[in-house]
Amino acid sequence: MTSEPSHLQKLAQAGELLFTGDVRKQYAAICYRREAAEEYEMLIVTGRKSGRWVLPRGWPMDGKSPHKVAAREAFEEAGIRGKAGKKPVGYYTYAKRLDDGRVAPCMVEVFALSVEKVVKNFPEQSQRQLRWVSFTEAQNLVDEPELRSLILNFGAGLIRRG
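So the sequence shown is numbered by our numbering: it starts at 1 and just counts up by one.
Hints were generated in silico from the structure; no laboratory data involved. Certain hints may be false.
Keeping only pairs whose Cα atoms sit at most 20 Å apart, straight-line, the calculated DMTMM-like set for lysine to aspartate or glutamate is [to be verified]: (1) Lys25 - Asp143; (2) Lys83 - Glu35; (3) Lys25 - Glu116; (4) Lys117 - Asp62; (5) Lys83 - Glu41; (6) Lys87 - Glu124; (7) Lys117 - Asp22; (8) Lys64 - Glu109; (9) Lys49 - Glu116; (10) Lys87 - Glu146; (11) Lys49 - Asp99; (12) Lys87 - Glu116; (13) Lys25 - Glu76; (14) Lys83 - Glu116; (15) Lys86 - Asp62.
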């Protein structure tokens, strides 16, 4: 029985692309809210093809700043409306399987998005599962080690600020 390759093994498969500058860029939203119990929670969604738990994320869009792309992806993938911060809260990398079967390293710039509204109808609602979880639970569900650290650090920062 073979096990799933590690995060580093997946990135190593695309190692030559790191040296040719063929690193892809995406923008993601860490969507968070504070519930009645005064506890913060965040949203994770499944990837359309992989079924893995991820943040809403997408490719750059002409004429849109990175934080606006992150906010748009949060709406398209999860029905989230809110305000995204203009400065990234962190970055993480993962190995993206492209449509042609190749694997490319992808650098994801993450923006905090304070949730104001969750709508029932959104473009990708039939293609994804959504889950509101604690920051601790989220870090246990995502695959990428850098994303795990980012989630825990962001959650701890929210708690400190109150």
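Cross-check of the supplied hints:
1. Lys25 - Asp143: holds, 18 Å
2. Lys83 - Glu35: holds, 17 Å
3. Lys25 - Glu116: violated, 27 Å
4. Lys117 - Asp62: violated, 26 Å
5. Lys83 - Glu41: It holds: about 16 Å lies between the C-alpha atoms, which stays within 20 Å.
6. Lys87 - Glu124: With Cα atoms ~26 Å apart, Lys87 and Glu124 exceed 20 Å; violated.
7. Lys117 - Asp22: violated, 37 Å
8. Lys64 - Glu109: holds, 14 Å
9. Lys49 - Glu116: violated, 28 Å
10. Lys87 - Glu146: holds, 18 Å
11. Lys49 - Asp99: Between Lys49 and Asp99 the Cα gap is close to 11 Å, so the pair holds against 20 Å.
12. Lys87 - Glu116: Measuring from Cα to Cα gives roughly 19 Å; hence the hint holds.
13. Lys25 - Glu76: holds, 18 Å
14. Lys83 - Glu116: At roughly 8 Å apart (the allowed maximum being 20 Å), Glu116 and Lys83 satisfy the hint.
15. Lys86 - Asp62: holds, 17 Å
Hint compliance for this structure: hints 3, 4, 6, 7, 9 are broken, all remaining hints hold.
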